[in-house]
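Just so you know, the protein sequences line up as chains A and B, in that order.
Counting with the working numbering, you get residues 1 to 423 for the letters of the first sequence.
Counting with the working numbering, you get residues 424 to 647 for the letters of the second sequence.
Don't take every hint at face value.
The list that follows gives simulated cross-link-like pairs (lysine-lysine, PhoX-like), each with its CA atoms no further than 25 Å apart [said to hold, decoys possible]:
id: 1; chain 1: B; residue 1: Lys644; chain 2: B; residue 2: Lys548
id: 2; chain 1: B; residue 1: Lys490; chain 2: A; residue 2: Lys267
id: 3; chain 1: B; residue 1: Lys620; chain 2: A; residue 2: Lys306
id: 4; chain 1: A; residue 1: Lys234; chain 2: B; residue 2: Lys624
id: 5; chain 1: B; residue 1: Lys588; chain 2: A; residue 2: Lys234
id: 6; chain 1: A; residue 1: Lys300; chain 2: B; residue 2: Lys620
id: 7; chain 1: A; residue 1: Lys175; chain 2: A; residue 2: Lys274
id: 8; chain 1: B; residue 1: Lys625; chain 2: B; residue 2: Lys548
id: 9; chain 1: B; residue 1: Lys490; chain 2: B; residue 2: Lys457
id: 10; chain 1: A; residue 1: Lys234; chain 2: B; residue 2: Lys548
id: 11; chain 1: A; residue 1: Lys274; chain 2: B; residue 2: Lys588
Just some of the chain A residues that point at chain B, by a computed CB distance under 10 Å [unchecked claim]:
id: 12; residue: Asn206
id: 13; residue: His207
id: 14; residue: Ala249
id: 15; residue: Glu250
id: 16; residue: Asn266
These are computed hints drawn from the structure, not numbers from a lab.
Just so you know, even glycine gets a beta-carbon here, dropped at the ideal spot from N, CA and C.
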Amino acid sequence: MKLLNKSLKGHIVYSVLVLFVSMPVFYFELTSIVAEDVDEDLVAQKADLVAKMEKVIANKPFEYFQVFEPDIHIKPANTKRTKDSIYTISFFDSIAKENVPHRVLESTVVLNSEWYNITISKSLVDNDNLIFSIVMVQAIILVLIIMGLLFITRYHSKKLWKPFYATLGKLHEYKIESEKSIELEKTDVDEFADLNKTISNLTNRNHEVYLSQKEFTENASHEMQTPLAVFQSKVELLMQTTPLTSDQAELITELSEAGQRMNRLNKTLLLLSKIENNQFTDKESVNIDKAVQKLAEQYKNALNQKSISLHTRVAGDAIINANQTLIEILIGNLLSNAIRHNVQGGRINIIIEPNQFNISNTGNTKPLDASRLFQRFQKQTADTNSLGLGLEIAKRICSLYKADITYNYADSLHSFNVSFNNS
Amino acid sequence: MKLLIVEDEKELSKSIVAYLKQENYLCEIAPDFKTALDKTESFDYDCVLLDITLPDGNGLNVLKGLKADNKTDGVIIISAKNSIDDRIAGLNLGADDYLAKPFHLSELSARIAAVIRRRRFDGNKVLVLNELTIDTLAKTVSVNGKGVDLTRKEYDLLLYLVSNKNRVVSKNAIAEHLSGDEADVFDNFDFIYAHMKNLKKKMVQAGCEDYIKSIYGMGYKFDI
């Protein structure tokens with residue numbers, strides 16, 4: 001949930017609650033006040049009527065009242081009722097021509113020792129309309145106030161959180177390898193200023209750590225070359241010593257092989273840091289098909305040794321604007337993996353399509369762990385010749401050219417797909 | 424033959440001298456830029472092994488100095504920076520070859536031999552070892568004057584072993600020499616055995632003594 005909505009949520013819930021509780025309460029309160037008023041009015045009217053009746057009744061029939069006051073009915077009564085009753089009832093109104101609620105007062109009075117039944121009725125239609133209008137106006141005002149409040153709060157929050165969102169946006173775009181630290185907008189809110197300062201410091205520090213780490217890899221690899229050269233030369237001189245026993249020869253061979261591996265590891269780490277340092281800058285149009293052909297020729301011996309059949313299908317020209325050496329390293333790594341992890345008499349399929357290519361091979365019948373595949377030194381075999389850096393390099397090259405590299409296992413084929421975004 | 428080794432790492436220059444001793448080269452060592460400049464200005468060498476990164480200067484400037492003085496010393500750059508730019512810069516300045524550290528001494532020895540052969544002006548580019556004759560210009564091999572038909576790889580292999588004669592050449596060095604970068608990817612020596620077997624067979628069939636000896640599975644030696 002967005003921060004703005006989250007802060008508004010409480011407001012909205014409270015406002016709706018107030019609206020829904022206050023409207024009926026307001027309505028009923030108003031109705032009861034009006035009813036009380038009408039009742040008082042009816043009682044007063046009755047008292048007035050009785051007073052008038054006492055004066056008039058001696059010589060005028062009580063129908064007389066009916067003429068002037070259509071709401072008053074007077075009938076001689078048979079039964080004596082002691083208490084007045086007031087109730088609400090709907091009946092047909094000749095003026096409004098519809099059923100209209102009325103408030104009715106029924107009373108029994110004694111005049112000249114005769115019993116009369118008096119009913120005074122009062123139409124409630126006007127009152128109801130009034131109540132309805134008042135409630136409506138109130139409701140509209142309430143809704144307007146609430147909406148206005150919400151809008152204002154939202155607007156203010158938005159304005160208030162603007163530096164926060166600006167910071168967030170900058171953080172999203174931040175790349176440790178390309179920027180020193182984030183330049184953040186100035187803000188007059190202390191907390192945000194503090195946040196921005198902390199983020200600036202943090203990114204700055206991260207970038208420095210990143211640089212020094214990168215530099216370390218590069219320097220370490222460079223510095224390693226001289227002792228490695230010394231080591232290798234001494235091992236070679238050791239080979240020339242006489243007399244030499246077979247035991248010594250075996251030890252020297254093992255030393256030489258260990259040296260060779262260190263050497264390869266070092267070269268690969270150097271290559272990695274060169275890619276990371278973006279030292280392969282010249283770009284040209286590289287034809288993937290031609291590169292594949294060249295590498296297949298280079299790996300012919302290795303392919304023959306395992307009797308691996310290589311099938312290349314070109315479904316369209318894939319021409320990438322990139323560094324030739326890097327693209328060859330990328331394809332070479334994938335191809336050599338496909339050979340190394342293949343079975344005797346296996347198969348390698350290469351499919352080249354516009355802007356992408358796919359290399360799949362037979363091999364181990366279990367799919368590889370895709371989440372660890374592209375990480376440094378994550379070897380999934382015990383093969384000592386594999387350094388565990390080939391796919392890391394492939395991934396680096398891909399990310400340099402904004403290409404996606406994915407692994408998939410289907411139909412007993414391990415397949416790597418590289419797709420270049422249209423550039 | 425006079426060689427100058429411009430290399431600041433003492434142990435490495437010592438190794439090079441020890442390895443090349445067999446070839447009867449006269450090796451001199453220049454451990455820094457200044458000595459290198461002094462020596463190349465005062466004397467002529469058949470081949471100069473030049474390290475680029477020296478404590479007091481850039482080795483490429485020694486090369487520039489040589490070219491400015493119109494000297495004909497052969498130059499092999501040995502550098503820790505295995506970058507294509509450096510390689511191109513060095514070769515453009517007139518270096519004969521470029522070798523990235525770390526390298527096999529046998530590879531260095533073969534490169535030095537090649538540079539010296541190329542620089543000989545008497546036209547003698549033929550190696551004669553008893554009954555065996557290798558014409559490095561025509562890339563042909565003959566035994567007792569009779570041609571032996573070798574493949575390209577077999578010829579390379581023979582020349583490499585001869586360039587390092589009487590010394591053990593490791594399998595790794597051979598693999599790297601024959602297949603370049605591919606040896607990095609596949610640590611497999613089977614293809615060396617195959618080439619070696621064929622070479623030995625052809626040589627013996629042509630009437631050549633079996634000079635190539637396997638040394639405890641460690642490597643091979645052209646023993647003469």
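How the hints compare with the structure:
1. Distance check on the hinted pair: Lys644(B) and Lys548(B) sit about 23 Å apart at the alpha-carbon level, within 25 Å; holds.
2. As the CA atoms of Lys490(B) and Lys267(A) are separated by approximately 32 Å, the hinted pair breaks the 25 Å bound.
3. Between Lys620(B) and Lys306(A), the direct Cα distance comes to roughly 20 Å. Compliance with the 25 Å bound is thereby established for this hinted pair.
4. Straight-line distance between C-alpha atoms of Lys234(A) and Lys624(B) comes to about 32 Å, which puts the hinted pair past the 25 Å bound.
5. Of the supplied pair hints, the one linking Lys588(B) and Lys234(A) holds, its CA atoms being roughly 18 Å apart against a limit of 25 Å.
6. Annotation: proposed proximity of Lys300(A) to Lys620(B) holds, straight-line Cα distance about 20 Å (limit 25 Å).
7. About 18 Å separates the Cα atoms of Lys175(A) and Lys274(A), which keeps this hinted pair within 25 Å; it holds.
8. Of the pairs offered as hints, the one joining Lys625(B) and Lys548(B) holds, with about 23 Å between alpha carbons and a cut-off of 25 Å not exceeded.
9. Proposed proximity of Lys490(B) and Lys457(B) is supported: the alpha carbons are some 17 Å apart, at most 25 Å.
10. With a CA separation close to 31 Å, the supplied pair Lys234(A) and Lys548(B) exceeds the 25 Å bound.
11. Our distance criterion of 25 Å between C-alpha atoms is broken by Lys274(A) and Lys588(B), whose separation comes to about 38 Å.
12. Nearest Cβ of chain B to the Cβ of Asn206(A): about 29 Å, over the 10 Å cut. The hint is violated.
13. Hint on His207(A) is violated. Least Cβ distance to chain B is approximately 25 Å, over the 10 Å limit.
14. For Ala249(A), the suggested interface contact is upheld, since its CB lies about 3 Å from the closest CB of chain B, less than 10 Å.
15. This hint holds: Glu250(A) has a C-beta 7 Å from the nearest C-beta of chain B, less than the 10 Å allowed.
16. At about 9 Å, the closest approach between the beta carbon of Asn266(A) and any beta carbon in chain B falls short of 10 Å, and the interface hint on this residue holds.
Going through the hint list in order, the structure does not satisfy hints 2, 4, 10, 11, 12, 13.
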